[in-house]
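Could you build the full structure based on these sequences and the hints that come with them?
Keeping their order, the protein sequence lines are chains A and B. Here the working numbering is used: position 99 in the first sequence is 94, and no number is missing along the way. Start counting at 1 in the second sequence, then tack on 817, and there's your number in the working numbering.
Don't take every hint at face value.
[What the hints assert, rightly or not] Per the computed footprint, the stretches of chain A lying under chain B, defined by three or more beta-carbons under 8 Å from a beta-carbon of chain B, are:
| hint | region |
| --- | --- |
| 1 | 3 to 9 |
| 2 | 89 to 96 |
| 3 | 99 to 111 |
[Claimed, not checked] In silico lysine-lysine, PhoX-like type, Cα no more than 25 Å apart, as pairs:
| hint | chain 1 | residue 1 | chain 2 | residue 2 |
| --- | --- | --- | --- | --- |
| 4 | B | K841 | A | K86 |
| 5 | B | K841 | A | K81 |
| 6 | B | K894 | B | K841 |
| 7 | B | K834 | A | K87 |
| 8 | A | K11 | A | K86 |
[Said to hold, decoys possible] Simulated restraints on C-beta separations:
| hint | chain 1 | residue 1 | chain 2 | residue 2 | range |
| --- | --- | --- | --- | --- | --- |
| 9 | B | R835 | A | D63 | 47 to 53 Å |
| 10 | B | E889 | A | D63 | 25 to 31 Å |
| 11 | A | A34 | B | G843 | 41 to 47 Å |
| 12 | B | K869 | A | A129 | 33 to 39 Å |
| 13 | A | T6 | B | E839 | 43 to 49 Å |
| 14 | B | L886 | A | E7 | 41 to 47 Å |
Quick caveat, the hints were computed from the structure, so don't treat them as lab data. Where a beta carbon is used, it is the ideal one built from N, C-alpha and C, also for glycine.
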Amino acid sequence: MATAPTVKMSTEIAQKIRQHGADTYPNECCGALLGRDAAPDVTTTASGVQPPVREILALFPLVNRREDSPRNRFSVTAEDVRDAEKAAQEKKLDVVGWYHSHPDHPAQPSEYDREHAWPWYSYVIVSVANGKPAEMTSWRLRDDRSAYACEDIAIRDHAAK
Amino acid sequence: MSVRVIIPTPLRAYAGKRDSTEVKAGTVGEALGRLTTEFGDLRKHLFTEEGKLRSFVNVYVNDEDIRYLAKENTPTKDGDTISIVPSIAGGSFFFQDCFPRPYDCLHRNCCRHSSNLSFRG
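If you want it as structure tokens, here you go:
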């Protein structure tokens, strides 16, 4: 059985993502997740397989470039990606994923999300219902591009050990 | 003519964990073709099933976007650097997205998600 990867982030970072979603409501927000892949937890799971762990240590909020349909679409340009990568390098981190909001929709990836997704990145989605941030989930595209796999989110006061 | 192709982080797992590779090519199209011949798993992430470069895959030759040059026919010369740079897009549900769902349940929370669906009319 596949083991769901775990994405770790601090309560502060989780709150910033939720707040960004609330600030841009009813439009979608977006931004880069800066962090690194870390060694799995020492604790062994019941299956004996330790899930991969990804730490989100900083955010790089971006402007949604989809001016024609910002309520249900977001876009990050190649130039934005390069800026995010530069910001990550300055912090000795990597761009390990992207976050965006789903205003008045569940925090689940759409078919449009899947069609436009890259592998390896974590895609964090926060649902914003009537302006208030709600459920937050994380997803990663399968290698064959057929679907997203759900990632567990661990929110703690200190994501880094 | 040898050109260097910079592989973006999310695709390195499909290219032997390399961040770049050298290929012999006279155009961008030839370079990408040689790249995906050497690393076959890259192909589905760079090209559609029809063989077209995916819309969110951006290709630069020495920092010049090939969309403003001759696209995949853009000529390359010895020592050029080709960069593959992602752009990111997504968005929320449309009704036609409901089935089949574009995600897998890998842990218990997903089952909770699936019972929580609601859609704006």
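Verification of the hints:
no.	hint	result
1	3 to 9	violated (count 0)
2	89 to 96	holds (count 4)
3	99 to 111	holds (count 12)
4	B:K841 <-> A:K86	violated (35 Å)
5	B:K841 <-> A:K81	violated (29 Å)
6	B:K894 <-> B:K841	holds (10 Å)
7	B:K834 <-> A:K87	holds (19 Å)
8	A:K11 <-> A:K86	holds (18 Å)
9	B:R835 <-> A:D63: 47 to 53 Å	violated (38 Å)
10	B:E889 <-> A:D63: 25 to 31 Å	holds (27 Å)
11	A:A34 <-> B:G843: 41 to 47 Å	holds (44 Å)
12	B:K869 <-> A:A129: 33 to 39 Å	holds (38 Å)
13	A:T6 <-> B:E839: 43 to 49 Å	holds (46 Å)
14	B:L886 <-> A:E7: 41 to 47 Å	holds (44 Å)
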